[in-house]
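So the sequences go chain by chain: A and B.
Per my numbering, the very first residue in the first sequence carries number 1111; after that it's consecutive.
Per my numbering, the very first residue in the second sequence carries number 3; after that it's consecutive.
Since the hints were derived computationally from the structure, they do not count as laboratory data.
Among these hints, one or two may not hold up.
In silico lysine-lysine, DSS-like type, Cα no more than 27 Å apart, as pairs [what the hints assert, rightly or not]:
no., chain 1, residue 1, chain 2, residue 2
1, B, K97, B, K114
2, A, K1359, A, K1329
3, B, K114, B, K217
4, B, K114, A, K1129
5, B, K217, B, K228
6, B, K97, A, K1129
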Amino acid sequence: MAIATDMFRTQATQAGVRKLPLLLQIGLITWRSLVTISRTPEALLPPVAISIFFLVIYRSTLGGAANFLPGLSGSSYLGFILPLSIVSSSLSGAGIAAQNLVRDVSSGYFNKLLLTPISRAALLLGPIFAGAVILGLQASIVITAALLMGLESATGLPGLLAVIGLAVLLGTGFAGFTVSAALGSGSAAATQGASFIFFPFTFLTASFVPLALLDGWLKTAAQFNPITYVLEAMRSLLNTGWDTEALLKGVVACLLLAVAMYALAIFSLRVRTRRS
Amino acid sequence: MSSREIIVENLVKRFNGSVVAVDGISFNVGAGEIFGFLGPNGAGKSTTISILTTLSLPTSGTARVGGYDVVSEAEEVRRIAGVALQDVGLDPLMKSMELLTLQGQLFGASRKAARARARELLDLVRLSDATERRVGKYSGGMRRRLDLALALVHEPEILFLDEPTTGLDPASRRDVWEEVRRLNKKLGMTIFLTTQYLEEADVLADRIAIIDRGKIAAEGTPTELKAQLSSESINITFRDETAVTQARAILEGISDRVQTDRKVLRLYMSRAAETLPAIVGQLQRAALDPISLTITQPTLDDVFLAVTGQRFQGQTTEEAQAA
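Kindly produce the complete structure, drawing on both the sequences and the hints.
What follows is the structure, encoded as structure tokens:
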């Protein structure tokens, strides 16, 4: 017992100057978030199940009609509609990071963490990174389901990994928003509500037909919707092949969204942790 | 090592520019002391503790914890201070071992050292056999003990406890008291504790400050505070109020302060037992026969009444039990 204390002293207390590297801090908080997320599996499965359900429904109802659309005959409609399914699971997955934060704020554990010498950035990024891991897993499951339904990727396995990468990138951007809501409200209901704000954005876009076939106000809306470019990028990977321009647009759209949302998240964190 | 002292000067906390929660308080807590901050709900106790632990900023005034300024050296204060707030902050989904290990790592210890320390602390607060249960399944007392252990992970030199026993059953309360004393004796830890239980302050604290409506109403050791009143009281009950009036006329000169409460005459003085024979003699000469005659030692409640002009609003521990 005395030995343990001494060891701790030398490593921590005595070395008052020793500060944990930021990456290690983020790693610890991320790991801790993942551990707690794994203890509420009931929050993880429904989004995946719903995504797969939509995939089946869209394909059955629209797959036949798609034969009339240029370049979308047969099984390639699966590759066309799968990204929509993945994006909507990214949306709900992003809520998981926020729900974790809400629980910490309401249990008071967030205050406890604030009283440790770790960086505020780690408190924000930990849950978001954990959310990203979960998103990646969810996207992989949905893609696996699509493969079982006969999906053929034009870019093979690397392309599928790129689709997952895009989903994670997009999801962490959303997470910036839901996390802001969590910090701002400290309420589970408000956070849940905020997650739905992005829901219409998955429809104000080239959801079921290519952007080129849209018309009027919907086309204008879709052109300003970052999700459009993420969908196009994913679709090009699945159906046509490596298209640098489409990919670039998709990544830039994700990054723009992420930058805006993180600015918001940092602001919310400031407000939450402001010593007043 | 820090100075282990707490020095507070003219601390003021105003909310929204108008509500004054803490109104210019000053006090010192010496190294290795247990300092009791006593007051009813809403007196300003929690506000003071949240300033001292760097969770909120003072409107004006200064406070140094362990020699560090709570405003400009908040990071240093967090390193040397341990805090268990009134609302325990524990993630219900985690297990005690995980919480303690993470806390140690966040304070810069290796995983191995943090685990060893966690085991040690779980022993200390007697939770060693509950490490595999989620905290959400713990009882109130267990949670409080785990929260205390969390506050101790980095071996703080100064420990802040905000109402550590509010809402606990008597057995758990005694556990916490014992623990506080042990930490203070064994590690020389300075302990600042707020409480709304007079009994708790009396039993635990080396020194006490009574805070009332944001101001410090009295400060000193429990004995000093009681002595300040110079007031043990002799309570004499008579058959009727006429007798009380007669007795009062005779005895007025003997005591510092006299009070009549229907059939009871209360005489306040510093050495009641020594004066008793003289009182009895005078009553006999006047042929006044008391029904009963008792001596009461002052309590902190009396002190509170004397300094604030009102009965203590906080619940006694028994009342809390009944509620």
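Are the Cα atoms of K114/B and K217/B separated by 27 Å or less? Violated - the C-alpha atoms of K217/B and K114/B are around 46 Å apart, more than 27 Å.
Holds or violated: K97/B and K1129/A, Cα atoms, limit 27 Å. 26 Å, holds
Holds or violated: are the alpha carbons of K217/B and K228/B at most 27 Å from each other? 19 Å, holds
Holds or violated: K97/B with K114/B, Cα cutoff 27 Å? 17 Å, holds
Under the criterion that the straight-line Cα-Cα distance not exceed 27 Å, is the pair K114/B, K1129/A satisfied? 17 Å, holds
Given hint K1329/A paired with K1359/A - CA-CA distance at most 27 Å: 17 Å, holds
Checked against the numbered hints above, the structure violates only hint 3.
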